[in-house]
Amino acid sequence: MKQSAYPYYPGCTLKASAKEYDISARLVCAQMGIKLEELDDWVCCGAASAHGIDRLLSIALPARELVTAQKFKAPLVTACALCFSRFKFAAYELRNEAMRNLIKYIIGEGEIQQNSDGVIHLIQLLDNNKDDIRVKKLLNGLRVACYYGCLLVRPKEVTNFDDEEEPQIMDKLIKLVEAETVDWKFKTECCGGSHMLTRPDIVIKLSHRLLYQAKQAGADCLAVACPVCHYNLDSNQKKIEANYKDNIGLPVFYFTQLVGLAMELSPKQLLLNKHFVNPMPLLQRKGLI
Amino acid sequence: MAVSHEPRIVGFLCNWCSYAGADLAGTSRITYPANIRIIRVPCSGRVDPLFVVKSFQLGADGVLIAGCHPGDCHYTEGNYHTRRRFALLRPFLDYLGIDQERFRLEWVSASEGKKFSEVVADFTETLKRIGPREI
Amino acid sequence: MARVGVFVCHCGTNIAGVVNIPEVLEAAEKMPMVVSATDNKYSCSEPGQASIREAIIENNLNRVIVAACSPRMHEITFRRALASAGLNPYLLEMANIREQCSWVHSDNKEIATNKAIEIIKMAVAKVIRHEPLYPRQVGITKRALVIGGGITGIQTALDIANAGYGVVLVEREPSIGGRMAQLDKTFPTLDCSACILTPKMVDLSQHPKIKLMTYAEVKKVTGFIGNFEVEILHKAKKVDHLKCIGCGICWQKCPEKVPSEFDLGLGKRTAIYIPFAQAVPPKPVIDLSHCRYTKYLTWVATGQEGKKPPECRICEKLCPTAAIAWDQEEQLFTEKFGTIVVATGYQTYDYSHYKEYGSRDFADVITGLQLERLMSASGPTGGEVTRLSDGSHPKTVAFVCCVGSRDQQRGRPYCSKVCCMYTAKQAIMLKEHDPEVQCYIFYIDVRAGGKDFEEFYLRAIDEAGVIYIKGRPSKIYQDGKKLIVLGEDTLMGRPVEIPVDLVVLATGMEPSAGADELARNLNISYDTYNFMVEAHPKLRPVETHTDGIFVAGACVGPRDIPECVAQGSAAAAKVAALFSQDTLTTEPLIAVVNQARCIGCLLCVTICPFKAVDYQTTQDGRLIAATNESLCKGCGLCIAACRPKAIDLRGFTNQQILDEVAGLWL
Amino acid sequence: MIEEIRNKAKELLETKTVDCVIGYEPATDNLTSRPVFIYEPSQVNRLIFDETCVHNLSKYLINRRYKPTGIVAKPCDTRGINLLLNEKQLRRENLFIIGVVCSGIRKVRFNQIENSMPTKCQYCSQHTPVIYDFLVGEPVTEAPTHNYSDITEIENMSPAQRKAFWSEHFDRCIRCYGCRQVCAGCYCYECFGDELDPLWVGIRIAPGENWVWNTVRAFHLSARCIACGECEHICPVNIPLMLVNRKLEKDTLHLFDFEPGIDTEIVPPFATYKKEDKLGTGE
Amino acid sequence: MPGVDVITPKPITELRSWVETLSGQKVARCYQCGKCTAGCPVAYVMDPTPRQVMRALQLGLEDELLRSSTMWICFYCMTCAARCPREIDITKVMEALRLVSAQRKATPAQKDFKLFHNLFISNLNRFGRIYELGLGLTYNLLGKHPLSKAELIPGMLARGKLSFIPHRVKNTDRIRDIFNRIKAFEKQGKP
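First to last, the sequence lines map onto chains V, Y, U, P and B.
Taken in order, the first sequence gives residues 1 to 289; the numbers are from this note's numbering.
Taken in order, the second sequence gives residues 290 to 424; the numbers are from this note's numbering.
Taken in order, the third sequence gives residues 425 to 1090; the numbers are from this note's numbering.
Taken in order, the fourth sequence gives residues 1091 to 1373; the numbers are from this note's numbering.
Taken in order, the fifth sequence gives residues 1374 to 1564; the numbers are from this note's numbering.
Simulated from the structure, these hints should not be mistaken for lab results.
We treat Cβ as the ideally placed atom computed from N, Cα and C, and that holds for glycine.
Just so you know, not all the hints are guaranteed correct.
[What the hints assert, rightly or not] Calculated pairs, EDC-like style, for lysine to aspartate or glutamate (alpha carbon to alpha carbon, straight line, at most 20 Å): (1) Lys205/V <-> Glu1435/B; (2) Lys73/V <-> Glu38/V; (3) Lys779/U <-> Glu157/V; (4) Lys779/U <-> Glu166/V; (5) Lys692/U <-> Glu808/U; (6) Lys1253/P <-> Asp388/Y; (7) Lys239/V <-> Glu1524/B; (8) Lys1253/P <-> Asp411/Y.
[To be verified] If you want a taste of the chain V side facing chain U, the calculated C-beta under 8 Å gives, among others: (9) Glu165; (10) Glu166; (11) Gln168; (12) Lys215.
[Stated by the list, open to error] Ranges between beta-carbon positions, derived for each pair: (13) Glu1393/B <-> Ile1356/P: 37 to 45 Å; (14) Lys15/V <-> Arg1477/B: 30 to 38 Å; (15) Phe1255/P <-> Gln561/U: 56 to 64 Å; (16) Ser1206/P <-> Asp361/Y: 49 to 57 Å; (17) Ala1117/P <-> Gln113/V: 41 to 49 Å; (18) Thr1041/U <-> Gly348/Y: 15 to 23 Å; (19) Ser1206/P <-> Thr646/U: 36 to 44 Å; (20) Gly1397/B <-> Thr1235/P: 54 to 62 Å; (21) Gly1397/B <-> Thr1242/P: 53 to 61 Å; (22) Gly1397/B <-> Glu1141/P: 58 to 66 Å; (23) Gln113/V <-> Arg1477/B: 50 to 58 Å.
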């Protein structure tokens, strides 16, 4: 088996509310012969806040990690879509030489290389190495709505990820494990993002629309690639159901968990029990566990 | 230093845009320095680099070539060729001792009488600043 | 020996008020080869011209300088004056001492006077080098080619033919009629489109001066005004139209059904087909990509692999006149024409790039042109507007304007001009079809500039009760049987969500596919969207930079029917005016090759924008350049590129320009 | 190496593939070499190739364009052949090119072969012929590089210094037109320098006229000069003409990404244009 | 209905030129089609809407803009930018407005959004990473909505998704250095 190592930036949420994403990602990659090497003593990327308050900070924070990651000969892998977006924006800005020099002064360590392809998302990592995904158990019969959210795809010139309105990359992965993906038009509509604290009502309204549309399209679960989306769609689902008097009951998986299931990793290993909407009944019904 | 140095500019103007633009400066009564002598050519693409070299040899302090804006050439593509020829000639003349500020390639449309006058005024000013050519 | 006469014009006080005329005259008299220098109050006036004439004769002048206004103003006038004195008109040179001297240096009379003298000095140096030049006459083939058989091409062909000249109309589809034939009604009069178009189509097909070539394409164009040679490819119809009587039995019985292009995929046609019932010519062609017998033949030819297709040939068996001609192949003909009119029209924007509008995934999101076919009595539903998903009658309809128009992001920043009006028309028509229908029109601006257009727009509001919502929708999605349109009512500043049964996208206009290739063949310019470029957008709207080639209709830019018709007639008038002459006079100010000096590097052939320089082989096998006097426009690009100075531009020769420069230092 | 050339030449002449092979033979000084035209197979032993073979023989091909001819060509000479092919002066089917891999030739002064190389070789890294039918020597696979340090040096002079530098050189010019006669790119039947009406270059040997001649000669070779150095080699008053030519070569490469004589398929910069050209002049 | 103010357009304002410089977008290009607002998932809680923000910038309504909460409500989903027919990156405009608002210490009508982001940054400054529970609690305390999201806390704790102790980076000094150097640069305008 080939053994390759990638620098890995999990991001703050993967250490707390999105533990299962971190764990499942590491497990899946290990199965594929990919070693995720967590960056040493990484700091927060600035998330949704820094770039609206202090632009230099929003570039300096990811730039610092980019410098750390440079010693690997592989691109930096991010798991959180928000981190991915901030890293991509920073790399985009760092194409400018003056900006590179300024940021070098600010972070005070190391040379910054000019490489906007130096950051990839976990989905891209899996997609690039899809030959190494050895499917042991087909997820036949599972109808998945792949939900990409905003930050992976937009803006295209910065993230260079996939189509802005109808991305396919996650669908391809899910189809690889023989689960069905539904064609729906809300793959990149917003879930409410970081407003869960400030305006929960917004999150509830937007997330409801997504869950409702996914259900309409015939999905029996969702796959996501972002801890914020997961939080909004999963932990809020009860409240959404109560608010809209609507019975939804759609488990929300991280795409890594679905790939993990197909590799015959156990639900417990994949921390499926951490979800608010219990996915076990669905998996049992489909005969997948 | 010759204080009263009046530079001489030889201007090759394309008939359809820049010559018409120079006419418009007249019709609009915009005054500009009288240092330029205008030679009408059908297209800036007609201007052989030899004419520029000869003008300098004969004693011109500056040479101006003006044509239609790229994309607007009356003959559709003449000025694109002009741009290439003189992009090479200008640094070459500079290399051989003719200050590149003495040569200008400008795009002046038939409606840019004002721009034409400004180009001439600015060019004259520049040439006065550099001073007379020693031949 | 040159005998130069200098005539200095006062132009009232325009020149004389600034320039010291006596001083100028005194200086001019001393210039080389000048035999007389006189002044005139107004040179361009009749007495002024008369005095120039007299002076020419009296002093036996053979070169003339008129120091006055810009040559762009009066060069022609004074050339005529020379001609009337028996002198070759090209022996004139104008010294521009008004626009480029007195008017711009009125602040310093001394400087202005000196400059005027120098300008004249340069003109004298140049005029000495002038040679008599003679325009040339070339014959004209009095036959026009019209490319495109839409309403524009039809109008052009009819008008040229009615003026008495022969016309060939080339159309690449099996029938003429174009986009207009697909429309149900026309705005703002609500005339039935087919009812006004078909008589014209029939007129055209029966006109003795018009030769109609359908299912044919222009492949190559050479030559020049009055003398074009055009290669026309006749695609294989596989039906002998001389034998065919258009009885229709073949296309009624053909078993192969394919989506109809004419009905935009909403209906079916057969493999042997006429595109629509009123097609002209009313004779079919066989679509080889779908014909069963052709598939059988391919199967045989490729070694009989796979399942054997049926050896159908039903059309052949049923044809009463044995008109099916399997051996007919595509053929290339070369024809001669004096002029060419391009009327290749438009196609509607393909909205599959609008993923936020579903990019063709929703059955009940259709285009405006598709709605036309649904509303047309001869359309696939017989004029009944139904939803493609379930056949029900839509009760709420949303129209979205500017799809593929006014959208920089999709590379279509221009306004397509007709969509505002056709959405209003369709909303009115839908209300007429079914009074229960409620229409919503999302628009950015309603552009109703045209005769009776604003009234028509108001009619949509007053009579059809259309609700206009100012705002471009951002998303269309399905919710159950309904489609939801998300927009903003920008006038209220609030988001709107409308559930509707049917969405109609008012897709914009873009040039027909292949317009760029045709333009390259014709050597005419086209813009970034592939619209043809007119010689002047205001004053020469149907001409191009290539003499003898005209453009009309929607291939130049978005146009509605009346404008297309007007342009077609305009182009026809230009053609007729040209054909009313027996020969053409060509300008003598063109490039000529000195064959003895030409080294045959052929750089001039490569860079000539007009393909006016070609090459010949001399007897001893050398390649040398040769200019075509009818194609050359006298830009001089080749001259500046020629190292051995083997090519020169009459009127602006190397000698003339060099002496003009040197004149400054005389 | 010499044997290879001789054998090939012999074969070509014997099989009547060509009726003449143009190459080098020892000159009468027993030190340098000179061009030779071999018509008989028996004569091929006259052919040599060594580090004194400075001449660019491609110009001789112009007069033999209709006759099948073989030629011994160094890399720079093959660029000349490409140039002439591109400008339709030669016919490929009439040519047999014996390309010779060359790592530079030597200067000869005062009847001695010096250790140093002429300017053209100092800055040349094209060691393999760009076009040939038969190759002598091991081809160098390394991609050629560009070094214009000599040009940059002059560019960095002050305008006054530069003017003085060129005046000093051009004032020496006696307008013998040797630079033109020897140049493969100068094949006009009548050169602009010889033309009397219009008189582009005055007959006087004066600084102004010399300047026009040298400027326009070089500019007519812009995007065409193949850096064979023959002009500089032949110049009786030692004007550093390669410094003039190479400035244009540098700018052509920089502005249009073009090198003359490398590939006949690439359209030369003055035969075409790009709408989006950004050249720094006329913006 | 209260009376409306008469608008006096100011085509060139300091705010607009700042926004244009920071965002790299040309405000005048907007032709007010409303597609941004139509696709904006949060436009319904915005006043003014994104399109109106563009209009206000065009007209130079400086005070109104700085008072508004729109740019703080915007959460950068970038739908508007992806679909704008005039190719304006409206998200960048919103970001620029935030930056100006942060710099001028303007007070938006709805303070909570800005408060949240400021708290986030100070949280970052202190720990180097985000301490979710701490951030939530401080926000609720300072924003005076003690119960927001409180109902989820037990579930989160039960699933081990929240921790009482912040994850800190080992070397928080380095983070502070970055903050300090930025501050220094912004004060002096050069490194």
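Now for the hints, and whether the structure bears them out:
no. : hint                                : in the structure
1   : Lys205/V <-> Glu1435/B              : violated, 31 Å
2   : Lys73/V <-> Glu38/V                 : holds, 14 Å
3   : Lys779/U <-> Glu157/V               : holds, 18 Å
4   : Lys779/U <-> Glu166/V               : holds, 7 Å
5   : Lys692/U <-> Glu808/U               : holds, 16 Å
6   : Lys1253/P <-> Asp388/Y              : holds, 9 Å
7   : Lys239/V <-> Glu1524/B              : holds, 10 Å
8   : Lys1253/P <-> Asp411/Y              : violated, 25 Å
9   : Glu165                              : holds, 4 Å
10  : Glu166                              : holds, 5 Å
11  : Gln168                              : violated, 12 Å
12  : Lys215                              : violated, 12 Å
13  : Glu1393/B <-> Ile1356/P: 37 to 45 Å : holds, 43 Å
14  : Lys15/V <-> Arg1477/B: 30 to 38 Å   : holds, 35 Å
15  : Phe1255/P <-> Gln561/U: 56 to 64 Å  : holds, 58 Å
16  : Ser1206/P <-> Asp361/Y: 49 to 57 Å  : holds, 54 Å
17  : Ala1117/P <-> Gln113/V: 41 to 49 Å  : violated, 58 Å
18  : Thr1041/U <-> Gly348/Y: 15 to 23 Å  : violated, 45 Å
19  : Ser1206/P <-> Thr646/U: 36 to 44 Å  : violated, 58 Å
20  : Gly1397/B <-> Thr1235/P: 54 to 62 Å : violated, 38 Å
21  : Gly1397/B <-> Thr1242/P: 53 to 61 Å : violated, 36 Å
22  : Gly1397/B <-> Glu1141/P: 58 to 66 Å : holds, 59 Å
23  : Gln113/V <-> Arg1477/B: 50 to 58 Å  : violated, 36 Å
Going through the hint list in order, the structure does not satisfy hints 1, 8, 11, 12, 17, 18, 19, 20, 21, 23.
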